[in-house]
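S.K.: Chains as they are written, first to last, in the numbering used here: chain C, 198 to 441; chain U, 265 to 439.
These aren't lab readings, by the way, just hints derived from the structure by calculation.
Heads up, some of the hints might be wrong.
If you want the ones that stay clear, here's a sample from chain C, every Cβ over 12 Å from chain U, calculated [stated by the list, open to error]:
no., residue
1, P212
2, R334
3, Q434
4, A436
Here are some, though not all, of the chain U residues that point toward chain C, as calculated from beta-carbon distances under 10 Å [what the hints assert, rightly or not]:
no., residue
5, R291
6, F294
7, F343
8, V391
9, S399
10, E402
11, E406
12, L415
13, F419
14, A421
Beta carbons: idealized from backbone N, C-alpha and C, even for Gly.
Here is how the chains run, residue by residue.
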Amino acid sequence: MMVCEQFRRAMLAEPSNDDAELRLHLATCHECTQYALQLRRFEGRLERALRVAVDPRLMEQRVVTPLRARGPRGARPWDPPHRRWLAAAASVLLGTAVAFSLWLAAPGRSLAADVVKHMAEEPNAWARTDIPVPEPRLDEVLIDSHVRFRLSAGLVSYASSCSFRGHKVPHLVVQTGSGPVTVMVLTHEALRSAMRFNEQGYRGVIVPVHGHGSLAVLERGPDMDIKAVEGVAARVQSALDWTT
Amino acid sequence: MKDPVGGNQRRARFQALCQSLRPDLLRFAFWLARDRTLAEDVVQETMIRAWKAQDSLLDEGAAKPWFLTIIRREYARTFERKRFVTVDVDELIAKEEPMLAAADDQALTELRAAIFKLPGEYREPLVMQVLMGYSTAEIAAELGLSNAAVLTRLFRARKQLRVMCGEDTSLDPEE
Chain C
198 MMVCEQFRRA
208 MLAEPSNDDA
218 ELRLHLATCH
228 ECTQYALQLR
238 RFEGRLERAL
248 RVAVDPRLME
258 QRVVTPLRAR
268 GPRGARPWDP
278 PHRRWLAAAA
288 SVLLGTAVAF
298 SLWLAAPGRS
308 LAADVVKHMA
318 EEPNAWARTD
328 IPVPEPRLDE
338 VLIDSHVRFR
348 LSAGLVSYAS
358 SCSFRGHKVP
368 HLVVQTGSGP
378 VTVMVLTHEA
388 LRSAMRFNEQ
398 GYRGVIVPVH
408 GHGSLAVLER
418 GPDMDIKAVE
428 GVAARVQSAL
438 DWTT
Chain U
265 MKDPVGGNQR
275 RARFQALCQS
285 LRPDLLRFAF
295 WLARDRTLAE
305 DVVQETMIRA
315 WKAQDSLLDE
325 GAAKPWFLTI
335 IRREYARTFE
345 RKRFVTVDVD
355 ELIAKEEPML
365 AAADDQALTE
375 LRAAIFKLPG
385 EYREPLVMQV
395 LMGYSTAEIA
405 AELGLSNAAV
415 LTRLFRARKQ
425 LRVMCGEDTS
435 LDPEE
């Protein structure tokens, strides 16, 4: 039988460890439950701390440009001067277009930034697992949003009612063939049109749900293409039964 | 005979792969080197090496560990090329202040400084686990350690960080 010392040692080394023996101990020890919660909060901060901001412009100049200049297998293509001028002009135009589109999308982008920020606070939710959340627990998380999730749409491995922009919102993790995908049901966040985002290692979409705010679906890491995320978003959306 | 269309597509895919991975690779290199400029140099060199060796990447799903291995080798090479004098961690922290600062979150800035102070042997597996999502077995394979040794390092890393950050460590197990 596992003792508290062993449990805490294992948690400090690997907080996302979902071993059956650890879970069993957690279910029977109040002090270790408190300890695990405290550690989970620390882990969220640790992940945020490690995700330092990297300057994409700097990376573009220093990291990607040399690859482009090399062409196939290190060959450096000759660039006539007029092409460089054209390239510079195109960059200015492209920059203006990007700035304009960012300006237009600003409210949506800040919503995406808040979704991503929330993700960093709950890193343990991302574990790959085939253990489903019990159905009563899932219903309990969804009930305030007046929605039910049809389980045929995928295995829900994590369900929590989270504080987000002053409201309690359901935060689910659905396991897909390409790994875990997070879903946030944002009934208080109306959106005019769907938007994609790619921030701090998280890629996803926020799609409007007519009469029920919006739905954020995101994944992290390079495992899944954004189109696949959009596919998951469509599947999840069709699996939601609104009760009001 | 060469296939220019296929070659262009492959290059475009490889470039897209580099683009999607580079933020995390830069972060990893930054925590490894504790120096933004050096991290950028290492990642740049890594990308060039990866570009030349792209045929050896058979599975795009394995790209992240493939790049990470190249980064670690490239970083090790910088030590072969230069002889570093003993580093003063407080000086490093002061130098990298803009990278470590988190707007409106002093506790996060302090946590970043504490990560800087961790010995490399604890910092590296911690970054691989938390930032790069490596399992214990994957870290062990990359660092050439046993699983038990990795778990000990991760345990010590968090324990030291929690002490440095003034967390309530009354329930933390002893060494």
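S.K.: Checked against the structure, which of the hints given earlier come out wrong?
M.R.: Violated hints: 1, 7, 10, 11; rest satisfied.
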